[in-house]
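Undergrad: Sequence:
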Amino acid sequence: MNIDYLIFKIVLIASIFGLSLLVAMYATLMERKVAAFFQDRYGPNRAGKWGLLQPLADGIKLFFKEEFVPSSADKLLYILGPSLSMFVALLTSAVIPWGTPVVIGGKQYALQVADVNVGILYIFAVVSIGVYGIMIGGWASNNKYALLGAIRASSQMISYELALGISIVTLVMTAQSLSILEIVEQQKGMHWNAFYQPLGFIIFTICAFAETNRAPFDLPECETELIGGYHTEYSSMKLGFYLFAEYINMFISGTLISALFLGGYDFPFINDMGFSQNTLAAVHFLVFFCKISFVVFVFMWIRWTLPRFRYDQLMRLGWKKLIPIACINLVITGVVVLLTQ
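The sequence shown begins at 824 in our numbering and counts up one residue at a time.
Rather than coming from a laboratory, the hints here were simulated on the basis of the structure. There may be inaccurate statements among the hints.
What the hints assert, rightly or not - Pair by pair, the computed Cβ-Cβ distance ranges are: (1) L845 - K884: 17 to 23 angstroms; (2) Q1164 - F1108: 19 to 25 angstroms; (3) T1102 - K898: 27 to 33 angstroms; (4) E1048 - F947: 38 to 44 angstroms; (5) H1014 - E890: 50 to 56 angstroms.
A virtual CB, placed ideally from N, CA and C, is assigned to each residue, including glycine.
Given these sequences and hints, build the entire structure.
TA: Given below as structure tokens:
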């Protein structure tokens, strides 16, 4: 393997890892600022200019909190739970195309860790493992509230993965590809899949909320019923790993929504502005990041606007509403694709 290519990939992996952690840190600040805006109050504004050092203060506070393991817990699984959640959350970014290739030393390098031709299947395979991190953590804690939260999370995530998968199948049928890079490239010129698959886009977005346990689908962490849900018995950086994983998952969900339905890094007329290839790659990355930030803002907007469902309502929505609608959308898409070929 070319040593320059290997070095570039290592730097790219480290950059994505650092970006994911940075986004997770400042997404907490953004969430608190958005909450303050909707509730007509001040958000964090004491730690640094405009409160920009608040995530650092929160991280230091978490790091120095007392580290304990319940005496009746399964210690190996207790440690494995948050570690697995964090690991899986970071793995999902490997197949995301972050922009067009850059030129370094006369050679082109793709801004993508791995251009897997079955990238969507890879995402689903990795995301499906994420439920084990939550389930293991809730079980290993040997706490009834944590176990109930873990059971809620597992049943919720498995249920909504069905509708999520069907919505992606309709997208694959129209795109004729499982490669995320190819799907992004097909959307150039405002041919966004959100316009061609509006129902699939809505279903995918709703299921993304449920998969990330975000309000109004936050029953696994419902404080009024379960204290803290599956991470009730966790403290210090083990709790921090669960919280970081949630925000990284939200960031990756925004990335997938942007890449699969909102054109990815494409924006009208950018390619006609005469930028050099490296400048164009930087602009594409900036456009992509702006789209992701908007989707993440919508996640937060809905959290502070809608009340959470009851658990029976949540499951009824998944099984009796979203799955039948997704199946109908699948049949309609199949008929349209068959007639237009």
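Undergrad: Among the hints numbered above, which are violated by the structure, and what are their numbers in rising order?
TA: When the structure is compared with the hints, numbers 2, 3 and 4 turn out to be violated.
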